[in-house]
Amino acid sequence: MTDAELVVRTRAGDPDAFGTLVSRYYDACWRFAYHMLGERADAEDVVQDSFLRAYLAIGRYDERDQFRGWLFRILTNQCRNALTSRGRRTRRFVQDEIALETAPAPPLGLATGVEDAALVHALSQLDPLQREALLLKYAEGLEYGEMSAMTGAGESALKMRVKRGSERLRALLGRSLE
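Start counting the sequence shown at 1; every next residue gets the next number (the numbering used here).
Some hints here could point you the wrong way.
Claimed, not checked - SDA-like mimics (lysine to any residue), calculated; alpha carbons at most 25 Å apart, straight line:
no.	residue 1	residue 2
1	K159	D65
2	K159	A57
3	K163	L129
4	K163	L142
5	K163	H121
6	K159	Y144
7	K159	T84
To be verified - Here are the in silico distance ranges between beta carbons for each label pair:
no.	residue 1	residue 2	range
8	G145	D49	42 to 52 Å
9	G174	L52	36 to 46 Å
10	L56	T84	35 to 45 Å
11	P15	A171	23 to 33 Å
12	G174	P15	46 to 56 Å
13	A171	M1	25 to 35 Å
14	S156	G69	32 to 42 Å
15	R53	D27	17 to 27 Å
16	L129	Q66	20 to 30 Å
17	R170	T2	37 to 47 Å
18	R60	G174	41 to 51 Å
Calculated from the structure, these hints are not laboratory results.
A virtual CB, placed ideally from N, CA and C, is assigned to each residue, including glycine.
Use the sequences and the hints to build the structure in full.
This is the structure we're talking about:
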């Protein structure tokens, strides 16, 4: 069943339909939130809150948008709010080794190396907007247009964030991402 069909069923009052959407996107949302916030509990809280907000706002969802993009826009805003409300402009180094070992398998791209502690540490040292852009581009495999719709930033700004973030990562790691 497509996301659009599940949204229609959710709007019609079928709770199982939204449960299917949650199952479909939970791991990707959790990975993104975890790498943005750096703590399991924070990631779980933000993801739960994002799904709740999505459920409550499903009536305002525009079918012309991809559900995934709409959901990630909510998630991205919740991650930003969490960082701001806690006064954390940069993510702390992830010291929870168990969390790294038990994190869901990452998608292809940048995230294949995220279990590498050096990469996790380097990501934590990036500007949050650069980290966000890199994770959306490489870990989630999004195109700049999708990223722009999610974050509200222009494509050229996102390209610059990815470029500068990649350069900073290379400098921190002493190696290329490719």
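Checked hints:
Our distance criterion of 25 Å between C-alpha atoms is met by K159 and D65, whose separation comes to about 22 Å. For the hint linking K159 to A57, the alpha-carbon distance of about 30 Å lies beyond 25 Å, and the restraint is violated. Of the pairs offered as hints, the one joining K163 and L129 holds, with about 12 Å between alpha carbons and a cut-off of 25 Å not exceeded. Between K163 and L142, the direct Cα distance comes to roughly 15 Å. Compliance with the 25 Å bound is thereby established for this hinted pair.
Under the criterion of a C-alpha separation no larger than 25 Å, the hint pairing K163 with H121 is consistent with the structure, at around 19 Å. Restraint check for K159 and Y144: the C-alpha separation of about 7 Å stays at or below 25 Å, so the hint holds. Our distance criterion of 25 Å between C-alpha atoms is met by K159 and T84, whose separation comes to about 24 Å. About 26 Å separates the C-beta atoms of G145 and D49, a value inconsistent with the hinted range of 42 to 52 Å.
Here the CB-CB span from G174 to L52 is close to 42 Å, well matched to the stated 36 to 46 Å. A beta carbon spacing of about 22 Å between L56 and T84 contradicts the range 35 to 45 Å that was offered as a hint. For the pair P15 and A171, the beta carbons lie near 49 Å from each other, so the given range of 23 to 33 Å is not met. Between G174 and P15 the Cβ separation comes to about 50 Å, which falls inside the hinted range of 46 to 56 Å.
Here the CB-CB span from A171 to M1 is close to 45 Å, at odds with the stated 25 to 35 Å. In this structure, S156 and G69 break the distance hint of 32 to 42 Å, their C-beta atoms being roughly 19 Å apart. Hint check: R53 to D27, Cβ distance near 19 Å, so the stated range 17 to 27 Å holds. Between L129 and Q66 the beta carbon distance is about 22 Å. The supplied range of 20 to 30 Å therefore holds.
Between R170 and T2 the beta carbon distance is about 39 Å. The supplied range of 37 to 47 Å therefore holds. The beta-carbon spacing between R60 and G174, approximately 46 Å, falls within the hinted interval of 41 to 51 Å.
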